[in-house]
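Q: Listed here are the chains, written in short residue letters.
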Amino acid sequence: MLGASAVLGLAAACGTGQAPAAPAPTAAAAPPAGSAPTPAPQAPAATARAGATRVTVAQGVDPTVLDPDMHRETPTQNVIRHIYDALLDRDADGKLTPGLAESWKFADDTTLELTLKPGVTFSNGEPFNADVAKYNLDRVTGKLAGAKPTLNAANYASIAEVNALNPNSLQIKLKKPNLVLLRYLRDKYMVPLQYTKDQGFDALVEKPIGTGWYTLKEWTKADHLTLVANPSSWHGKANIDEVVFRPIPENATRVAELRTGNVDAIVNVPPDQVETLKAEPNVDVRTVPSARITGVFLDALDVAPLKDKRVRQALNYGVDVDSICKNVMNGFATPVSTWAASFFVGYDPAGKRYSYDPARAKQLLADAGYANGFDAQLLTPNGRYLNDVQVVQAIAGMLEKIGVRTKVNAVEFGVFAKMTQDRTIPDMFFAAWGNAPWDIYDTLIALARTGGIFSWYSNPMVDDLVDKAGSTSDDAKHADYLKQALGLLWEDASHIFLYQQQDLYAANKRLRWQPRSDETIDMFSASL
Amino acid sequence: MAAYLVQRGLHALLVVIGVSLVIFVLSRLSGDPVSLMVPFDVPREQREAIRRDLGLDQPLPIQYFDFVAHAARGDFGTSVRNRVPALRLVLDRVPATLELAAVALAFAVVVALPLGILSAIKHNSGWDVAGMAFSFLGQSVPSFWLGILLILVLGVNLRVLPISGSGTPWHLVMPGITLGSFFMASLARLTRSSLLDVLGQDYVRTARAKGLGEWVVVGVHALKNAAIPVVTALGVYVGQLLSGAVITEQIFAYPGVGRLAIDAISTRDFPVVQANVLFVSAIVVVLSFLVDLLYLALDPRIRYA
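Line by line, the protein sequences give chains U and S.
In terms of this note's numbering, the first sequence has 205 at position 205, counting the first letter as 1, and numbering is strictly consecutive.
With positions in the second sequence counted from 1, the corresponding number in this note's numbering is that position plus 1000.
Source of the hints: derived by calculation from the structure; they are not laboratory data.
Treat the numbers as computed from the prediction; the structure is a model and nothing was measured.
Fair warning: there could be bad hints in the mix.
[Claimed, not checked] So, partial list: chain U residues that the calculated Cβ filter (under 7 Å) puts toward chain S: (1) P249; (2) A256; (3) E257; (4) R259; (5) A417; (6) R423; (7) T424; (8) P426; (9) A446; (10) F454; (11) S458; (12) M461.
Don't be surprised by glycine CBs; every beta carbon is placed ideally from N, CA and C.
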């Protein structure tokens, strides 16, 4: 799989360009791109000002806060991206691109220097400059007196100090070399200095001020949030005048709203609705490989059988991942070697996979002294990940065949999160692991390095490689150490490695927009 | 009467305090907001810093007394997720849910009373069988299924009603029917059995013997007495409507307190859960009190002391 966004089913939308939603016989008969697609007088979101273009996106939940540092949620971030800018951005393939910083370079191993774009102002007229950037980074590193701890603080813990060398030049001193920081700067959206000094950071919660493409027009919580293009933005004016985000929790309802043309794009299409949607003349299903990888975590620290590498390998040989992808995930999943998606730093294209080989699994169990298998608890959150319980039941059935008798326990996600945090999980549990920076380093720190917050595994050789990857400022070496570490994890069968999900979106054909593997929804780069 | 009112008031207060304690302990036992606010890979130090900032590092009894002391002054704390006062979040959503409950109740009453009365008067006729079959259906169809069915038929196929959201009276039709159908069904059956019971009483036979018209017998004498259990049930229904709104609001993406409750519980947003549950329980307590007072008007024999 080459490239991050292998977008399926988009050909029709690209080909017809500004096609209206209703099937029109010829392009000449099509109304201008600006007109609302399906007349639906009862839906407020579909009735835009005359001549104004409006796109409505339905996510599952409402944003919680519009302060970029006080949340860690994708649906919230998707709204925030339209209002604020970060120093760097990332394209759909994972390449870092300029944002409020025009260029950046490491002056030495621990000094990052960024040149900021001149003449940028916030939507309230305040200027953006190096002082504002320093103020923002001081906030998330806890150096701003009186500021509350931000929820993204962990991403910037490697920063020692930030200096504004001149209005357009920012210097970031690191405690130790850290290549992943650049990728996290992409998630640090810049908030205004004077506004938050005068009114407090809490003002951003409902009245955000940014430098971005859009400004907030209105927000009726749990109903809709409307953004309007900011004509004086340094980006220029966005193609689409108004972007409306609606929270619609129920999958079937989101699908119905898309089918009737009241919304233009929806997230999390249930796999069983894909055929229905494909039959709709004005709708495309658009899928993209996800940055979320699933696996079964094994307590290799305390549980006797799971301490044995042969047992862990047997579990991997005993699970038919291809069958799960095909039959339980309806084909919307791809088996993986370990924890890296193809577009992550650290991914090894030569990485091997465990084949499905129950005979070999039984042999390995017998070699380890478990010829009669063993009993184990298998925990899963219920309803958190696509088809989570069904996948785990399938795994339990397969493990049963090699003699490993698991008792499946499905719990609500809040309970699951507390159990993992308190480390009161049983022998094995199923989870999906997301990766925001698209660099496997932080994943390995959390779930493979000894003492990691999500690690029930310890291997000094892995620790050594991860630490080396974390202390070099050489991109190639960094990636190479990570590849080696992943190779060790595979060989040592640290987890039962499963699959990479595919994210399922659907959109009205009039909307020229592609979903991304990082779950980002950018309507400023979309058009009608 | 005054003593009764004071006694009822104290009773209500006790119920609300009990509810607050139960919800406080239950919500905290089953999860932790911080573990749901940040991704799994956030290290412990950062989690602890956030927990301290939110006051969640304090022992439970101290947290509870802190909560009670503030709540007594109308301060339910700040939403952990939304960072605005929890009570404001709840109050902003109350009108929407009350509108929905009113429409659902109106739908239930308008359909159920004629249906129940007709079935009672035409006892054992085809009308009766058809009416009760209809209400049996209404009672056994899950609201989740009914809601999706309405969306597909009225929203997607016929396109006569908006599918989800709020803003116009039309947005209330499908959620109102979905929420009200269960109560419509049980109300119709209750009206029928209650009226049948009254119609067999001696005073009804006397009224008929006096030569009063059927309309006067049923409409004036029987219905008033048959109304007592129906009113009792209505009081209970309103409480159930508020909790039934949880599912309906979720299906129709309707911005009411039910959906707020679901979101708050699933994210363990304790201040919002507490404000939400306390507010709804206060409404239920007040309603049951009002129903008691309504008895006085309906049945002069009842005296409270």
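Q: Indicate, hint by hint, whether the structure satisfies it.
A: Hint-by-hint comparison with the structure:
no., hint, result
1, P249, "5 Å, holds"
2, A256, "5 Å, holds"
3, E257, "5 Å, holds"
4, R259, "6 Å, holds"
5, A417, "4 Å, holds"
6, R423, "11 Å, violated"
7, T424, "12 Å, violated"
8, P426, "17 Å, violated"
9, A446, "4 Å, holds"
10, F454, "5 Å, holds"
11, S458, "17 Å, violated"
12, M461, "21 Å, violated"
Hint compliance for this structure: hints 6, 7, 8, 11 and 12 are broken, all remaining hints hold.
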